[in-house]
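Asks: Each protein sequence line maps, in turn, to chains A and V. The opening position of the first sequence corresponds to residue 1 in the working numbering, with each subsequent residue numbered one higher. The opening position of the second sequence corresponds to residue 1001 in the working numbering, with each subsequent residue numbered one higher.
Bear in mind the hints are in silico, worked out from the structure with no lab data behind them. Given the structure is predicted, the values throughout are model-derived calculations rather than measurements. Where is the CB? At the ideal position from N, CA and C, for every residue including glycine. It is possible that some hints are incorrect.
Restricting the straight-line Cα-Cα distance to at most 25 Å, the calculated cross-link-like pairs of lysine to any residue (SDA-like) are [to be verified]:
#, chain 1, residue 1, chain 2, residue 2
1, V, K1283, V, L1366
2, A, K157, V, R1348
3, A, K132, V, L1262
4, A, K15, V, T1119
5, A, K53, V, R1481
6, A, K15, V, K1488
7, A, K157, V, K1283
8, A, K181, A, E127
9, A, K133, V, M1287
10, V, K1488, A, D19
11, A, K177, A, L198
12, A, K62, V, M1483
13, V, K1488, A, N69
14, V, K1480, A, E72
15, V, K1197, V, L1216
16, A, K215, V, E1491
17, V, K1017, V, T1119
18, A, K132, V, N1417
19, V, K1283, A, Q100
20, A, K133, V, H1174
21, A, K133, V, E1275
Partial list, derived from the structure: chain V residues whose beta carbon lies under 7 Å from chain A [to be verified]:
#, residue
22, E1270
23, K1277
24, R1281
25, N1282
26, Y1341
27, D1343
28, G1344
29, S1347
30, R1348
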Amino acid sequence: MEIIINNLRKTFGEKVAVDIPELTIHSGELLGLVGNNGAGKSTLFRLILDLIKADTGTVHMKDGEVDVNVAETEVWKDWTGAFVDESFLIDYLTPDEYFQFIARLTDTSDEQLQEFLAQYQHFMADELAGQKKLIRTLSAGNKQKVGIMAAMLLRPKVLILDEPFNFLDPSSQNAIKHLLKKYNEETGATILVSSHNLQHTVDISERIVLLEHGKVIHDIDNKEKQAQDILENYFEIND
Amino acid sequence: MNKYQLYRLIGKNADLKTERHPMLDKNRFMKFLMIFMWLYYAAILIFMGVVMAVGMKGSYNGVAAFHVFDGGLLYLLICDFWFRFGLQETPAQNVQPYALLPIRRSFLMNVYLSRAGLTWGNLYWFFLLVPFGLIAIAIPLGWIAFFGWLLGWWLLLVANGYAYLFCRALIMKHMAWLLLPIAIHGALLAIMLVPDKNPLDMPCTVLMYDFLQWKLWPFLLTGALIALLYWANYKLQMGMVYDEVAKKEEKEIKHATQLNFLNRFGRLGEYFKLEVKQRLRNKTVRMSFLAGLFMMVLFSVIMYFSDVYDNSFMRSFICLYNYIVLGMMTLVMIMCYEGNYIDGLMSRRESILQLLTAKYYFNVLLLFIPPIILLPLMIIGKMSVWMNIGYFFFTAGVLYPLLFQMAVYNDNTLPMNTKLTSKQGNTAQQIVSIVILFLPIAFEKAATALLGEPWGYVFLALLGIAGVATHQYWLRNVYKRFMARRYKNMEGFRASRNS
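Please model the complete structure; the sequences and the hints are all you need to start from.
Replies: In structure tokens form, the structure reads like this:
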């Protein structure tokens, strides 16, 4: 599924949050989005997910004959999974109930759900499945895991994760990297991941977009991990 | 920074919290409405003060007007107590943002408690008291008497405010504590109303007269009462701050309600489960539901055992109240709880339509509770069966569709599980609640006056049945209008989340 952004602009008062004349995220691409705080990463994700209104411009999802403007229809929601923050979670459900809720909405059978959960058992580390804890009582890291898994549950063609490595312990961060790579390879899904963790982003992304004040200032091919130097220079890591 | 400066700073922050509330910040109409209502009631109180002072003058067998007025002291304090619900916050929650700062928690509690005593809100009744006192006391007895009397009233209102805060904090711990003020006020009203002569009239009059004469004992007595209530509040609310900060919520739920029988309804069944679980697992939602049930039973019991509500208006009101209250409590604020997870909902196709449909079915099912509660009244003939049938369908097919319109316009997130909060809807939502409680009665009276009984009620029922039959159409209409406003609403939900 291709994501095509045209003349997309969003301002909050005087501040330009996103200003992207043209950007195409190709089908099956695993794209990393980096930038300092306030660069516009989350706003861009929210615009792609039609959660905020663009001042101008469009976001299209295109796959062969299918070509939809996300602001004009809801069909794209059937093939898009996303986790941006806690406002995606219904916190008075247990993780199992929440997964079941999402599964039913996405016509995933109970068997498929169990299979899915079994597949990610290591990632959940026995702290989520089968527990009678409400999501609101979970740690930030476990909430993050619930959100990521729920986004992946419907086997989306487009997966959008905002700061997925946040709050996770090192082994879970590593696990999520492998999960995303594997999922991308197996399904050919288009994956967008934003992160402040440059190492993880470089490790998993085949293309990295660097945002500054809402504008794309670098669009880097990272198939050979060549983005590392550019990003380290930009963020002045080795100074 | 010394303690006085810190006191000023915390007070300033508290004022800013109100001034910069997102709902007021972005809504000029709301600001205007609040100021208008404030002035409107102030004008009514001033008018009442003047009318009472002039009207009581020279009447009542030569008893001075202020003696008659002061005899009603407890009535005013009871009214003041119940009006405070929804208007005055408890201090404990306000302390939380300072929890990690190097400020003693006891100091913070003292700041908020003393501000609660010194709040301008305690002076609102002065719009009634000052014009009354000027005419009935200052003119015949002089300014010194007037100020003594006024100071006495202020001290009593401050004590009443602390009594309210204490009860409110207890009620937020457990709904059953609502029985405490009801029992005390009920007992006082019974003592005052049942005997031919109110035995509390004289003590109240003497108390206020001695304030007026600047005698020491009433000031000492009221001062001691304030100190006692302040101390009780301090102890109670400090404990609650720790609860709030520590978020001592159960780590595991005892029974994970599955509601598997709803699985056969597919997606709709899932949203129905959400409705049920939202009420079972969130303190704020659960308590408002229980409060509604409690009031339904209370009204019905009073009507059953006494004749105080045996008139046409109250019969209609109690019948309507029973049918609408449970729906009203959540539907006036429809989508406000969902504001907490609106992004997740909006990420699924037509989820809002299914959510609204599930909400409608859930609320229609709730309509089977009132006939059970009102059955004894129907059996003894105090309430007609036709009235019940009329309001049952009228609520399901006319009032619910009207309340569902709020889904298009509500854009303020409400906390679902906060232990201490007074944030229960904005002014517009409160106005809709009042309108929905009284306007249908006028409609019912007009229908029964024109068509007679039972045909007036049959007419109400038919209108309702039409609404029920077309529910999928109007729910889709609400959904489409919600979607047309989605960006504005989502912005509002985000802005007011955690505010």
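Asks: Given the hint that K181(A) pairs with E127(A), does the C-alpha gap stay at or below 25 Å?
Replies: 23 Å, holds
Asks: Hint check: is the beta carbon of S1347(V) less than 7 Å from a beta carbon of chain A?
Replies: Status holds, d = 6 Å.
Asks: With the threshold set at 25 Å, check whether the alpha-carbon distance from K15(A) to K1488(V) stays at or below it.
Replies: 19 Å, holds
Asks: So if I understand the rule, the pair passes when the alpha-carbon distance is 25 Å or less; does K132(A) with N1417(V) pass?
Replies: Cα-Cα ~18 Å, so holds.
Asks: Report holds or violated for the interface hint on R1281(V), using the least CB-CB distance to chain A and a cut-off of 7 Å.
Replies: With a minimum Cβ separation of about 4 Å from chain A (threshold 7 Å), the hint on R1281(V) holds.
Asks: Would the stated hint for Y1341(V) survive a check requiring a Cβ distance to chain A of less than 7 Å?
Replies: Because about 5 Å separates Y1341(V) from the closest Cβ in chain A, which is inside the 7 Å limit, the hint holds.
Asks: May I ask you to test the interface hint for G1344(V) with respect to chain A, counting a Cβ-Cβ separation under 7 Å as satisfied?
Replies: Because about 4 Å separates G1344(V) from the closest Cβ in chain A, which is inside the 7 Å limit, the hint holds.
Asks: Does the nearest C-beta of chain A fall within a distance shorter than 7 Å of the C-beta of N1282(V)?
Replies: 6 Å, holds
Asks: Does R1348(V) sit within 25 Å of K157(A), going by the straight-line distance between their CA atoms?
Replies: 14 Å, holds
Asks: Mind checking the alpha carbons of K1017(V) and T1119(V) for me, to see if they're no more than 25 Å apart?
Replies: The hint holds at about 15 Å.
Asks: Interface hint check: E1270(V), Cβ to nearest Cβ on chain A, cutoff 7 Å. Holds or violated?
Replies: With a minimum Cβ separation of about 5 Å from chain A (threshold 7 Å), the hint on E1270(V) holds.
Asks: Checking one constraint from the list: CA of K132(A) to CA of L1262(V), max 25 Å. Satisfied?
Replies: It holds: about 20 Å lies between the C-alpha atoms, which stays within 25 Å.
In summary, the numbered hints that this structure violates are 4, 7 and 15.
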